[in-house]
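Dock chain B against the given chain A, drawing on the hints supplied.
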Amino acid sequence: MTREEQLLRAIGLRAEAARRLEGSTAGAVLRSVVEATVALFDAEAASIALYDAATGRLVFEVAAGEQGQGVIGLSIAPDQGIAGYTFTTGQALAVSDVERDARFGRATAERTGYVPRSIVAVPLLDDHGTIGVLQVLDKRSAAAFSLRDVELAGVFARQASVAIRASRVERDTATLLATTLRGLADVGAAADADGADENAATIEDLVARATADLGRDDDSGLWRLADRVARLRDTDPASIDLLADLLDVLVARAERERAGRRGMAGGPGRFAAPDDDA
Amino acid sequence: MTEPILPAWSEPFVEGRRGALDRLRPIGVVDRQLAFGGSDGTGVTVAIIDSGVDGGHPAVGGRLVASVKVEPGDDGPQVVEDGERLDVVGHGTACAGIIHSLAPAASLVSVRVLGPDNRGKGAVFATGLEWAIEHGATVVNLSLSSRSEALMGAFHELADRAYFANVLLVCAANNVPGPSYPSLFASVVSVAAHDVADAWTWYYNPRPPVEFGARGVDVEVAWRDGGRIVATGNSFAAPHIAGLAALIRAKHPTASPFEVKAMLAATADR
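Sequence lines, in order, name chains A and B. So that you can map any letter, position 15 of the first sequence is 15 in the working numbering, and since no number is skipped, the others follow by simple counting. Heads up: take any position in the second sequence, counting from 1, add 1000, and you land on the working numbering.
Keep in mind that the hints were calculated from the coordinates and are not lab data. None of the values given here were measured: they were computed from a predicted structure. Note that beta-carbon positions come from the ideal geometry of N, C-alpha and C, so glycine has one too. Among the clues, some could well be false.
As the list claims (entries may be wrong) - A short, non-exhaustive set of chain A residues, derived as facing chain B with CB atoms under 7 Å:
1) Y85
2) T88
3) Q91
4) A92
5) L93
6) A94
7) G129
8) L147
What the hints assert, rightly or not - What follows is a set of in silico ranges between Cβ atoms, one per label pair, in the way DEER data are often shown:
9) A:A143 - B:W1200: 22 to 30 Å
10) A:T180 - B:E1149: 25 to 33 Å
11) A:T180 - B:E1015: 37 to 45 Å
12) A:Q6 - B:D1075: 49 to 57 Å
13) A:T180 - B:F1164: 52 to 60 Å
14) B:G1178 - A:R253: 52 to 60 Å
15) A:D42 - B:D1040: 40 to 48 Å
This is chain A alone, in the form it adopts within the complex (with noise of 0.2 Å):
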């Protein structure tokens, strides 16, 4: 490996060891849409799911509201209900007095513990069709939604769909560096027009040596750390306590056998190798 290349790794590394520890800059912002939903709607709940390529499902991914929490991690068929409707049609739709027909949504109500009365739903679109669907269940103040509150959906589902398609492409380390350093290399070359072509190529070549298997590298135990420290992140302060007092011991007992190592060998410490036993 160059010592580009490895410079390259390293800053690779660091995004994916940030961006696992962040999580899913999209999930936030779906949260917040959908939180801002329930709140200017004066809603009972409010979800976002999004179609799942692997499993042809459309999945909940963020929900809001008193009622809206039994939704998150639910799949439905993409042909399914309201919002499967919305889904496969890209038609944004308002119905109320569900409860009327006893039979329907039964099956998912049961599974979410919520029967709504009205429902909105708008579809996310993307460039390419519509990537999954934003619901909005139970205004409080009137019993059914306005063709203005369909409009007004829409604006916050054109948000969600923003904020997915821009995580996207930020997800991809390989692809952020790329993009990043073809764009300074632009900046270089753009009084020879020439080189912008072979300056691009070169630099994806030394991009993907640099990063290959960056990321897809589950089982490493650094890879596994940041994840379990991710999964803490909105959990209650006294856990994240109790976390940094456990690490505490665990750098402590570290920092005695690097000490005890250098002793004896004068090796270089290690770092996190696979399946160091905590």
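For chain B alone, coordinates are given in the frame of chain A:
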């Protein structure tokens, strides 16, 4: 992150905005009596390209005469008999119920293009539309559109074929900005919702692409499993215009799509 609130296609048709729809009528007086007085839709077949139609629902009045579904296949989508005659969502039944309420003697044909494997497959939708054009429907209600640029050519060709085969396509306007086929083609009747609680009130908007506003807010509609719900959306406005078009076609069997459209425009509320 600061996209402006774009005007909905329904905007010109809502209260407070309708004044802008006033215009000089180019064709003297064509009143509703002339356009469809005494008509009940007899002899006209309306195809509903949607989620299927529950033929046993009371709102459909036993007028469902055929049901097909489009299945994605290895050699392209195939149209097959829909023995189950079910509506996977309720939406197609809602559209059928609205059309039947306006044109009670019209025959209804369900073309189901929504199903477990049909997610956003424009080709399935296009196949369903092609089948409807070729199998005797003279009014086709489309509550869905494709955003696929790749299929624009195919839909354009189908819209032209429908027009020349004397088949009127009535399309719900998509509530999102950007392209949407065939609902924004000139030869179709594109419909958005207005907020008047009357099925016999409709508006003509001289500023395309969405030319007609029909009832689409808080409409009590038929739904799946024999139920009823109250629904809002452009896709409930389109079948109101499809029902009216069926009445006009029954009274004027030789009228071409543009003549039916002209009659709808001439008899619109103002």
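Hints versus structure:
Of the supplied interface hints, the one on A:Y85 holds, with its beta-carbon coming within about 5 Å of a beta-carbon of chain B, less than 7 Å. For A:T88, the shortest C-beta to C-beta distance to chain B is roughly 5 Å, which falls under 7 Å, so the interface hint holds. With its C-beta approaching chain B no nearer than about 5 Å, A:Q91 sits inside the 7 Å limit, and its interface hint holds. A cut of 7 Å between beta carbons decides the hint on A:A92: the least distance to chain B is about 4 Å, and the hint holds.
For A:L93, the interface hint holds, since its Cβ comes within 7 Å of a Cβ in chain B; the closest pair sits about 5 Å apart. Below 7 Å, beta-carbon pairs count as interface contacts, and A:A94 has one with chain B at about 4 Å; its hint therefore holds. With its C-beta approaching chain B no nearer than about 5 Å, A:G129 sits inside the 7 Å limit, and its interface hint holds. For A:L147, the interface hint holds, since its Cβ comes within 7 Å of a Cβ in chain B; the closest pair sits about 5 Å apart.
For A:A143 and B:W1200, the hinted distance range of 22 to 30 Å is satisfied, since their beta carbons lie about 25 Å from each other. Take A:T180 and B:E1149: their Cβ atoms lie about 30 Å apart, and the range 25 to 33 Å holds. Restraint check, A:T180 to B:E1015: a C-beta distance of roughly 52 Å breaks the suggested window 37 to 45 Å. About 52 Å separates the C-beta atoms of A:Q6 and B:D1075, a value consistent with the hinted range of 49 to 57 Å.
Distance hint for A:T180 and B:F1164: a CB-CB separation of about 54 Å, consistent with the stated range 52 to 60 Å. The given range of 52 to 60 Å is respected by B:G1178 and A:R253, whose C-beta atoms sit roughly 59 Å from each other. Range check, A:D42 to B:D1040: about 45 Å between beta-carbon atoms, so the 40 to 48 Å window is met.
Of the numbered hints listed earlier, the single one contradicted by the structure is hint 11.
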